[in-house]
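This is what each chain is made of:
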Amino acid sequence: MKKIEVEHLNLWYADFHALHDNTMSIREKIITSLIGPSGCGKSTLLRCLNRMNDLIEGVRIEGSVKIDGEDIYQMKSGLTALRKKIGMVFQRPNPFPLSIYENIAFGPKVHHMAKAGELDGIVEESLKAVHLWGELKDKLGKSALGLSLEQKQRLCIARLVAVKSEVLLMDEPCSALDPLATLKIEELMRYLKTDFTIVIVTHNMQQAARVSDETGFMLLGELVEFGRTTDIFTRPKDKRTEDYITGRYG
Amino acid sequence: MANLRKVKEFIIEKLIFTSGIASIVFVALIFIFLLAEGISVLRYVSLGSFIGGQFWYPISDPPKFGILPLILGSLLVTAGAIAMAVPLGIAAAFYIADVAPVKLRNLLKSCVEILSAIPSVVLGFLGIVILVPFLKHFLHLPTGLTALAGSIMLAFMALPTIISISEDAINAVPREYKEGAIALGATHWQTLTRVIIHGALPGIIAASMLGIGRVFGETMAVMMVTGNAAVIPTGLLQPVRTLTATIAAEMGEAAKGSPHYFALFAIGIVLFVISFLINLTADFLLHRGKNR
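Chain order of the listed sequences is F and U. The opening position of the first sequence corresponds to residue -11 in this note's numbering, with each subsequent residue numbered one higher. The opening position of the second sequence corresponds to residue 58 in this note's numbering, with each subsequent residue numbered one higher.
Just so you know, these hints were derived from the structure itself, not from any lab. Note that CB positions come from ideal geometry on N, CA and C, so glycine has one too. Warning: the hint list may mix true and false statements.
Listed next, with one range per pair, are the computed distances between beta-carbon atoms [as the list claims (entries may be wrong)]: (1) Arg48(F) x Ile78(U): 36 to 46 Å; (2) Asp126(F) x Glu70(U): 52 to 62 Å; (3) Leu67(F) x Pro190(U): 48 to 58 Å; (4) Glu(-7)(F) x Leu172(U): 52 to 62 Å; (5) Thr222(F) x Pro158(U): 20 to 30 Å; (6) Arg178(F) x Val159(U): 18 to 28 Å; (7) Ser167(U) x Met63(F): 37 to 47 Å; (8) Leu172(U) x Asp3(F): 36 to 46 Å; (9) Ser332(U) x Asp3(F): 52 to 62 Å; (10) Thr11(F) x Pro158(U): 31 to 41 Å.
I would like the entire structure built from these sequences, with the hints used as guidance.
This is how it looks when you write it as structure tokens:
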């Protein structure tokens, strides 16, 4: 099942042509990774999928991004519903300056998803889904800013579980974490892919190889190659992909 | 040659040291002078009847030095000003920092700066000519020279402080919070009221406290529009007199070394202490915000 279809997507930041005619389709409930050197446009591409680029002034986008068959750049309304469905995890874990409980409850509250009395259950389930419930169940009222980086990142994922996101966009979710925490987050991703479609941007090739089922390699705004992760890493079709994964690129 | 350079270094070092230490010395000297002059009032009146006395008749015989009406006058005018300036200022800060398009933002910021550059006597002048007759006419008062007029004038003076410091606090909220909330599907308004405000709150409180401090110590604009009647106020629509206006109006005519003269210095101490407490609170809140 195709979840996301990107077709002939071009993006300009004012005069800078950041994405060149990207086309790819992302399958449901697998992990897809986007790799490439810094500045190649992988984060930009990721941010096209939930229209976070809309926040930047001077951005121009052509082409289409279809999610469940609907072009998200043609729809007139429902931007908040889109972002609820397509959740995002950021490079720096960004829990709100609120309590752990309120961090999880934030999404269901702004989307009016929970009746009075249901919130406790949602918070518990969401924290269980990211394996935080055991550690945090007795300090739900504490500020989320006091957690470790790994816990914060899990909490941010739990926020998306709470609003029942279908897609998780992860923008270098482990680059602020130490190696051990990184492995744990990867383990969590594998566990979550039974319920979520995950797209991860990473500059860490080993991570892409370890965790993802399909991989796209980007260079200078161009999606050079897209395919099964094992193929990309063992039998790359494009010379540039081969150079990059063998470490011969720049 | 080397010696000359050493001497030069030494002199410069000491000069900088003196400049740095000067502010401490000045504060200490001012405080000591104020205290020495003001404390003498206790020879004529007890502390309780100075602070708590209801009548301020400094030149009748025998004189009465009760500053309660003045303290209440100052507090009332300040409270009125803050009730107007704080909500308006915070809302304006949010608009400038987070809502306004870039061009309008820059224009608004310059306007706020210009507002802060208007001398208080000019504001007071506008108050007398425009605001006071307007209030008298509009509210059918015997006189427009009221605490309300003072509060409105002071609200104008507190606004620039409150807006610019709150705006800094809002801008200092990490961008990640905003992105996180937007990416979760929150609307702009929800992001503002449920996330950003939590990050900016200590700074906003500090901004309000600094605004209060500014208002409380203001003299000229208030003196010109409040009517200066030293009676215990019962509402915003009466003439009142503030601590600051009392000193400014009477210092010229108080004979040096007279009880009246000492009493005015004692009012200075009271002002100093209250302002100091306000600033201290603001400072505390600002630092708490930074350490979090």
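Hint check results:
{"no.": "1", "hint": "Arg48(F) x Ile78(U): 36 to 46 Å", "in the structure": "58 Å, violated"}
{"no.": "2", "hint": "Asp126(F) x Glu70(U): 52 to 62 Å", "in the structure": "57 Å, holds"}
{"no.": "3", "hint": "Leu67(F) x Pro190(U): 48 to 58 Å", "in the structure": "51 Å, holds"}
{"no.": "4", "hint": "Glu(-7)(F) x Leu172(U): 52 to 62 Å", "in the structure": "53 Å, holds"}
{"no.": "5", "hint": "Thr222(F) x Pro158(U): 20 to 30 Å", "in the structure": "51 Å, violated"}
{"no.": "6", "hint": "Arg178(F) x Val159(U): 18 to 28 Å", "in the structure": "44 Å, violated"}
{"no.": "7", "hint": "Ser167(U) x Met63(F): 37 to 47 Å", "in the structure": "39 Å, holds"}
{"no.": "8", "hint": "Leu172(U) x Asp3(F): 36 to 46 Å", "in the structure": "38 Å, holds"}
{"no.": "9", "hint": "Ser332(U) x Asp3(F): 52 to 62 Å", "in the structure": "54 Å, holds"}
{"no.": "10", "hint": "Thr11(F) x Pro158(U): 31 to 41 Å", "in the structure": "34 Å, holds"}
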